[in-house]
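Going line by line, the protein sequences match chains A and Z. Just so it is clear: in the first sequence, position 138 is 138 by the UniProt record's numbering, and no numbers are missing. Just so it is clear: in the second sequence, position 27 is 27 by the UniProt record's numbering, and no numbers are missing.
Check before you lean on any hint, since a few could be wrong.
[Unchecked claim] With a cut-off of at most 30 Å between alpha-carbon atoms, the simulated DSBU-like pairs for lysine-lysine come out as follows:
id, chain 1, residue 1, chain 2, residue 2
1, A, Lys15, A, Lys108
2, A, Lys15, A, Lys78
3, A, Lys313, Z, Lys5
4, A, Lys15, A, Lys101
5, A, Lys78, A, Lys13
6, A, Lys18, Z, Lys5
7, Z, Lys3, A, Lys225
8, Z, Lys5, Z, Lys40
9, A, Lys13, A, Lys108
10, A, Lys101, Z, Lys40
11, A, Lys292, A, Lys313
12, Z, Lys28, A, Lys225
13, Z, Lys40, A, Lys313
14, Z, Lys3, Z, Lys28
15, A, Lys319, Z, Lys40
16, A, Lys108, A, Lys78
17, A, Lys225, Z, Lys5
18, Z, Lys40, A, Lys292
19, A, Lys78, A, Lys18
20, A, Lys225, A, Lys292
21, A, Lys225, A, Lys283
Derived from the structure by calculation, the hints contain no laboratory data. A quick note: this is a predicted structure, and the numbers were derived from the prediction, not measured.
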Amino acid sequence: MLVTGIGLSGQIKLKSSKVLIVGSGGLGCPSAVYLAAAGVGEITLVDYDEVELSNLHRQILHTEDDLGEPKVQSAYDKLHCINRNIRIIPVNQLLDSNRMKLIMSKTKYDVVIDGSDNVATRYLLNDSCVLNGVPLVSGSALQTEAQLTVFNHQNGPCYRCLFPVPPPPETVTSCGDGGVLGPVPGVIGVLQALEAIKIIVGLNGLLSQRLLLFDGINSTFRNVKLRSRNPNCAVCGDNPTITDLIDYEQFCRASAHDKVGNIDIVDESSNVSVQELFKQLGKKIVIDVRPKVQFEMCHLTHTVNIPFDDIIKADGVLKIQQLINNITVQEVYVICRRGNDSQRTIRFLHDTHQDSMMDLKNVRGGLHAYSQYVDADFPVF
Amino acid sequence: MVKVKLLFFARARELAGRSEDFITIPEKITCVELLEIIVKERSLQEIQNSIILSINEQLYHTDDIVNLREGDEIAVIPPLSGG
Ligand SMILES: [Zn+2]
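Here chain Z stands alone, though its shape is the one from the complex (with noise of 0.2 Å):
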């Protein structure tokens, strides 16, 4: 297990309550399970189908295997459609 550093913006930061916290979880993992822990730990239900997620700033996808070290920075990101 590793400890990674969680980021969340707009849709996901009002969810979550937080812009940022911390979440202990498996180091080798698929995007898709991340995903579900996150939105499960989090309460980020209604919002689980339009989610992108990145680690260290880049680009995850869903079928991708992820292995995570601590301190990685994992960021949630719904889309903005405003203007």
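This is chain A alone, in the form it adopts within the complex (with noise of 0.2 Å):
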């Protein structure tokens, strides 16, 4: 390699590095093609996913001859096509705490590669690259911002310094549930890639104790200043508490993944199926709290669009009770795309509006379920 810095040592330190990428997606894609180019000598790759259409215009590696392909089976097809020289081991497994260990164990890791999509796997990975001393390369993107940093270096802090609670799993917004601009990632992804690089030659300028926020909408970049590691953190404090890995899902309230159904926080009896809205359209009050954008493009006869924004911080309340108080029945079904969004809307108003006469149902799985189970001309996205 030519670039000052790197050198024919440079080069030879990659050749024998391994690194541990997690997530195939929009993040580990490009991220793991620059490595692969790089000649990095050992990539593992970890996801559980298979190759959907709706992941194409971000997770570069797949193509539409790849849908339903394992993820990581077809990223490992693309990448030994770039680079035939190095070893590509590819992890079709959703990581839990014993995975990770056993990964962990195998092999001695350079740096470990964050381009998971979820909060719980983020605690994990950065747990266990605490626990086992390795770097961790920490990228995340939603709809048009991205954070990059590095955790667990050269005395810099751990995600569990910046945040030692997981944020409300209600609060948590998803890829699949906000949709993302492909580039976004595409650019945290690559910028991964180069810590990477850094890390494993020894270069200085890491993102270690700075925290970068690229903002797509202006395209600009951020750096917020962090300190070294929390004396008093959980994990990589003076005293810890965590010293072997925990149940992630259960810390978070939330599950390693960012699929349908990934919150539920409503009483069972609140819950309503796709079939039983069927047969109460326009019987019912059914309330669809996607985002106008969304509500737009398809949506079902005798529904109103009361979008949830609205609902938490504009008039969205007063229209529901508007609607309710123009007809008798009280019951109001609760409909999103995914079902994640009529839970907060509903948890919502439980917490706000207790003295309500509402009926809430959540309509369980929303209109991507009632494409699945009852009309599947029904448009998803």
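Please assemble the complex out of the two chains, which come individually in their own frames, going by the hints.
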């Protein structure tokens, strides 16, 4: 390699290095491309998921021919064509603490790349990297924003130093729900590869003790100076209370993936099925709480659009009350794309309007489930 | 009292309904108090335990005492988890 500061010794370091990339999606794909092309000797890819059409705008290793294939297999095939002189190990598994322990005990990684899509996996990777003394290059993206930093390196902080408490699950939006503009994770995935190369080769200027915020709308990068690790941190502090991996799904009260129904925050008695919804369409009030732009793309007849965002901070609640006052029926169905925002709506209204006569029912699985079980012609995205 | 600029990121931006605005607050304040005020004024209760605050691009911790000046930029940063 001709670049000053890397040279032959740098190339040899890359050749003998081992990198674990968790997630073969919007971050993991671009990251893996550059690391494979740079000649990283061994790359382990972990993902449990299969390629879907809605992935292709950002998960650049997958093509239309790969639909339904395990992502790690699809990624392996392409990376192998980019560089046949390196070892690529696909692991088609959903990561949990036991599997992570096994992976980390078999190989001493130089760097772990976090390209995961959920909070539970982020804490799992963080704790595992701290316990094993491996730097973690952590990237994340949603809609048009992204974040990037290097955790657990050169006395810098870890994820828990910054965020000791996981966010409440009902406040977490996934790319599946909120969407993401393809190049946004692309930019961050490429930068994750850059940070990994710098760590392996031993260059300065790392994003350790710094958090990079990328705003894709304004094309701005902002650097926030962090501090060294927190001595009171539960995992990397001086007297850690976490000395072994824990149950991260329980800790975060959320699943280690970003699939449908990954929150479950309403009483079982408040759930109704899509079949029940179908029978009641036109009879009961059905509120579709998706953003206006999604409602305009497609919606069921006899449903009213009051977006979740309006309910929590604008005049949405008032609109619901007006709607109900006009009709004597008090049972109201709430639906959204996949059944998460509808639960958030019900939870919010329960918490803020306890005296209300509204009997709110969550349509479980949302319009995705409706398309799957009632009307296959109803478009999903 | 000083007028400072607030910058909202990710979920904080959604909840506040804007990406930036201004707020007038006491110039000498602990980080905990600062966070409390911002959370209350901009309805960020649901994420109040998982936010970091930076002032002029420097992270502050809860027990720090802050000396704010007119025009300082306070960024409200929740974690992103998507990929
Ligand atoms: Zn820590």
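Unmet hints by their number, sorted upward, for this structure = Per hint list: 6, 10, 20 and 21 violated.
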